[in-house]
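Full structure from sequences and hints, please.
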Amino acid sequence: MTAQTRPAEPAEDMTLGPLPWRRMGGVIWRQHRFALVGVAALLGAAAVYLWIVGSSLHHAYAAAVACRPVGSPACQDAVNTFNGLDNFLSNGLIVQVLPVLIGTFVGAPLLAREMETGTFRYTWTQGFGRRRWTLAKLVALGLAVTVAAGLFSLVLGWYYQPYFSTGNYALAVVELSPFNSGLFDLGRVTFAGWTLAAFAIGALAGMLIRRVVPAIAATLAVYAGLAFAVGGFLREQYLTPLVTTGLNLTGSAWVLGQWWTKSGVTLSQATMVQVMDPIFARQIPAVPSNDVHLFKQQALASTVQYLTRHGYTYWTRYQPGSRFWPFQWIEGGWLLALSVLLIGGTAWLVRRRAA
Amino acid sequence: MSMSMNVLEANALGKRYGGTWALRECSLQLPAGHVVALIGPNGAGKTTLLNLAVGLAAPSAGGVTVLGGAPAGSPAALDGIAFVAQDTPLYKNVTVADMIYITRSLNRRFDQAYAQARLEDLGIPPRRKAGKLSGGQQAQLALTLALARRPRLLVLDEPVAMLDPIARHDFMATVQAAAAADGVSVLLSSHVLTELQRVASYLVLLACGQVRLAGRIDDLLAASSQPSLEELALSYLRETPAEVAR
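Sequences listed follow chains E and G, in order.
If you read the first sequence in the numbering used here, its first letter stands for residue 1, the second for the next number, and so on.
If you read the second sequence in the numbering used here, its first letter stands for residue 1, the second for the next number, and so on.
Treat the hints as calculated values from the structure; they're not laboratory data.
Don't be surprised by glycine CBs; every beta carbon is placed ideally from N, CA and C.
Any given hint could be a false lead.
As the list claims (entries may be wrong) - Part of the chain E face toward chain G, derived, beta carbon under 7 angstroms: (1) G26; (2) T117; (3) G118; (4) T119; (5) Y122; (6) T125; (7) G129.
In structure tokens form, the structure reads like this:
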């Protein structure tokens, strides 16, 4: 058998620049089409589902807000129908697993599988060079999952729109703050941002741990820790919270804390329970006990008003609804910065990694 | 390619993993146009030396250049050297045709016609996934991809260790043909001497991370009283007290 190869001339190497980046396009597609098609299928199926249940949600919402006269039995029914729809979606928690799922299952195996199976010895000795190979893969796949998540968040934004409309509260229609810890992450900036962050965490974990399954587990753990810390502590600090003694906060505001003072002294919870209970009881009209729940909200409001007329001050620390977009961009911005840092760190590890 | 060029030059090269030197004070000049057999017992540092030569690892001490002075791992070095690692790692869930596509995309030169013709000769179906090929076929695919890059230096790490005798023979025949017909320099490591005897024209003997012997096989045999390459290698290995202790 004749090997028909011809050695290259030494001079050839010196004059030519690096191989063009676009060569990686077909390589990435051939190696990751299963993951890419999987992500597209997952998000596509979820989008179709959201569109179907969202259509009835929007329909029910339109019926509830258009119903006149407000408070009539027919309108109560319309409101209850809307309020009862898709409770498992309305807190957003189930949708929150999508970014971490996509990011982890595309990001973590990216380098871990190369290390685990030894294929890096093939790949990193090709003419393209391992640094550029790594950068091309991380950037292209990171971009792909981010764009996919960004498109999907448009569907999410449409689905949740009825819950965010100011004025729901007056109609006894469920109104949610877009700052809700399960919903803020689904925003048009944050959803893509968290997906990219999960991908970047996964890629770095894969390079550090060098085994697919432990890398996936580590990514899930780190992501969960980060998401918990951000939702629980960090996010409310993006901008200094406002403090008000007003009682007419809109439903879109994110209430961080509320407390009572009298003559400049902060009162404890226990004290306020003692003060409020008898007043509250007086505000409930004489109705059958089955109907008491209908008047609780109103009675509470009257109690608060009564107390403020009698020397008590009710303080609220909150983030106003108008800060939703600044908060989206702040969170998206630092998630992007973090992801760039992690991806850069991963590329650096690949470069200095000794076989 | 000028035959006076050295395809590999190591200068006091050393590699340490943790506190252990896998390779130490290694100085070598391998002239072009040879099939160089890198032999030595397991753990002698063969893989370490090859990893340093192809740029997968960075030296802890000294330096190594390839193809007449290019630093190992530099773009010029990557362009001119094809490496087949131990156990011939390939993407198991990628088809043979896609392995060809990927290798062609990742390299400046790739002889597609050669690769296709050779795989056809070997009866390797292009639509089969690499992981579904036999061990011998996987080794042949890896070698074909490497040779289709038209390297000036082909580096093979224990290429035949996992193969049955027939696959071993076929594999070495391909290597030999490439070296004879195209003047590709070859550096291959093995701890099985018998396969190399027929093919190799240059010998490097490593033991305990150090070079014990290096030179043209004809010269080495002429200068010694040993009748064969195997006897010669064994006599050197036995002279090393540390090896006896192993």
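**OP:** List, from low to high, the hint numbers that the structure doesn't satisfy.
**Re:** none
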